[in-house]
Amino acid sequence: MQNIVVAPSRRIFLSSLGGAVVAVTLLPRTLSAATDDVQAEVKKLYGDKPMKEGKIKIDLPSIAENGLVVPLGFEVESPMTEQDYVKAIHFFAEGNPNPLVASFHFTPLCPKAAASIRIRLAQTQKVFAIAEMSSGELFTSAKEVKVTIGGCGG
Amino acid sequence: MADTPKPTPRVRMPANAKAGDVIEVKTLISHEMESGQRKDSAGKIIPRKIIKQFTAAFNGKEILRADWHPAVSANPYQSFFVRVPESGTFTFTWLDDDGSIYKAEQKVQVA
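Line order of the protein sequences matches chains D and Z. Positions in the first sequence are counted from 1; adding 13 to them yields the numbering used here. Positions in the second sequence are counted from 1; adding 15 to them yields the numbering used here.
This is chain Z alone, in the form it adopts within the complex (with noise of 0.2 Å):
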């Protein structure tokens, strides 16, 4: 199989709040998601390779968990949203079948 390129994740939030303030973040990542259920040319089964979770932390304290399976779309896109108590960084992990771990920060000031 031929390498994929390595998975990058993209955040759009604001970077400014005022505090208190209840923002949405949207996030996209590029993966296959290969659900294990695809064959190739040949027959044989596409093992599976999806981002099984995906974490949402702020100053290091975990906010939302998801878990994905199989059924979640490739380049998995997720929204949710957050508080903003005060100026803090936003750290966002997604972990891979393989072990992977791919990571965004954003960072948010409170005016």
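One chain only, chain D, in its complex shape (with noise of 0.2 Å):
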């Protein structure tokens, strides 16, 4: 009798399971680590498109004592010519009551894709890029930081 009742919520359960497993293996670890804030804005900029690990050097302090003013630097690999070159690189700050940092938009005539900025970071957190390749590749790449004083203001 009460096999009858527990076999099919456990059925249930093993194929959502399956489900959420194939959700996951498409998003790198990076990412799938990240918020589901972080993961919202990432499908409405791409989608469920597959992406990779690395490519994308992320220069952030590993503890910051101020979050109004954390130094952002970066470079992703690239050779920078016009058949293959960096499109895009977009910065998510899980912690921050907006995620998305910054965007920027490269071309061929960079001579690398590179840059650096000064951001907010409202708490401890993990900042997250997406580096969108002229191939149309995706790769991602993640940075935590230890803020001391917050960057939100009251």
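Since the hints were made in silico from the structure, they are not lab data. The model shown is predicted, which means the values in this text are computed figures rather than measured ones. One or more of the hints may lead you astray.
Said to hold, decoys possible - Listed next, the in silico SDA-like pairs over lysine to any residue satisfying Cα-Cα at most 20 Å (straight line):
1. Z:Lys-33 / D:Pro-124
2. Z:Lys-76 / D:His-118
3. D:Lys-125 / Z:Glu-77
4. Z:Lys-76 / D:Ala-101
5. Z:Lys-41 / D:Asp-97
6. Z:Lys-54 / Z:Asp-112
7. Z:Lys-122 / D:Leu-122
8. Z:Lys-54 / D:Gly-163
9. D:Lys-125 / Z:Arg-27
Said to hold, decoys possible - Away from chain Z, derived, C-beta distances all over 10 Å, residues of chain D:
10. Pro-63
11. Arg-133
12. Thr-137
13. Gly-149
14. Glu-157
Cβ atoms here follow ideal geometry from the backbone N, Cα and C, with glycine treated the same way.
Got two chains here, separate frames each, mind docking them using the hints?
Below you can see the structure in the form of structure tokens.
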């Protein structure tokens, strides 16, 4: 009697688990660790396109004393020619009220896909980057920053 | 709200280069970059007012465009790299939420 009750729910549980595993394997480990907010923003930009890890060097301090001004530098590995260049790179801060921080759109006129800015981080968190190559390939990377004083104001 | 001074852009890059040289451009503009998250002393949200886009162009052709969101710090700094193929003018443009455009130009001479 008990079996009849348990069996269907276990079947449902297992099949939903299978679905979850398939969904997760589409994302590289870096991004599957991101919050739902970040994943929703990424989905808006690139849907469910597959991504690889690597190619992006994120330069952020491990500890930021002042979350109002955190230096962010980056470089994406690329020859930057007409045939093969970095089209765009987007940065997401999962612990900020709005995850999207900044996007950069490059052209083959740029000798390298590198830049630096200064950003606000509300709290200790991971910052994610997604780079889009001219071939359509996507790469992702992340860096954790400990923030001593948050940068969103009262 | 008191009037804030007009944002002043500043650009630092060499005025002379060799053809094909890769140079670093450093830009800075004074702007409060009000995030729209802060509240004033009365507890009212201070409306968002940021520079939302930065563009760099050489002889009228776009090199790089950056979309900035409220997480970009006040007095936004932006550095990047350009190649100088020939003598010409770099134009840098900042676009404000309120539609204002701030511009800076830098001529580079190729020896």
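Hints and how they fare:
no.: 1; hint: Z:Lys-33 / D:Pro-124; result: holds, 15 Å
no.: 2; hint: Z:Lys-76 / D:His-118; result: holds, 14 Å
no.: 3; hint: D:Lys-125 / Z:Glu-77; result: holds, 15 Å
no.: 4; hint: Z:Lys-76 / D:Ala-101; result: holds, 17 Å
no.: 5; hint: Z:Lys-41 / D:Asp-97; result: violated, 26 Å
no.: 6; hint: Z:Lys-54 / Z:Asp-112; result: holds, 19 Å
no.: 7; hint: Z:Lys-122 / D:Leu-122; result: holds, 17 Å
no.: 8; hint: Z:Lys-54 / D:Gly-163; result: holds, 15 Å
no.: 9; hint: D:Lys-125 / Z:Arg-27; result: holds, 18 Å
no.: 10; hint: Pro-63; result: holds, 24 Å
no.: 11; hint: Arg-133; result: violated, 5 Å
no.: 12; hint: Thr-137; result: holds, 15 Å
no.: 13; hint: Gly-149; result: holds, 19 Å
no.: 14; hint: Glu-157; result: holds, 16 Å
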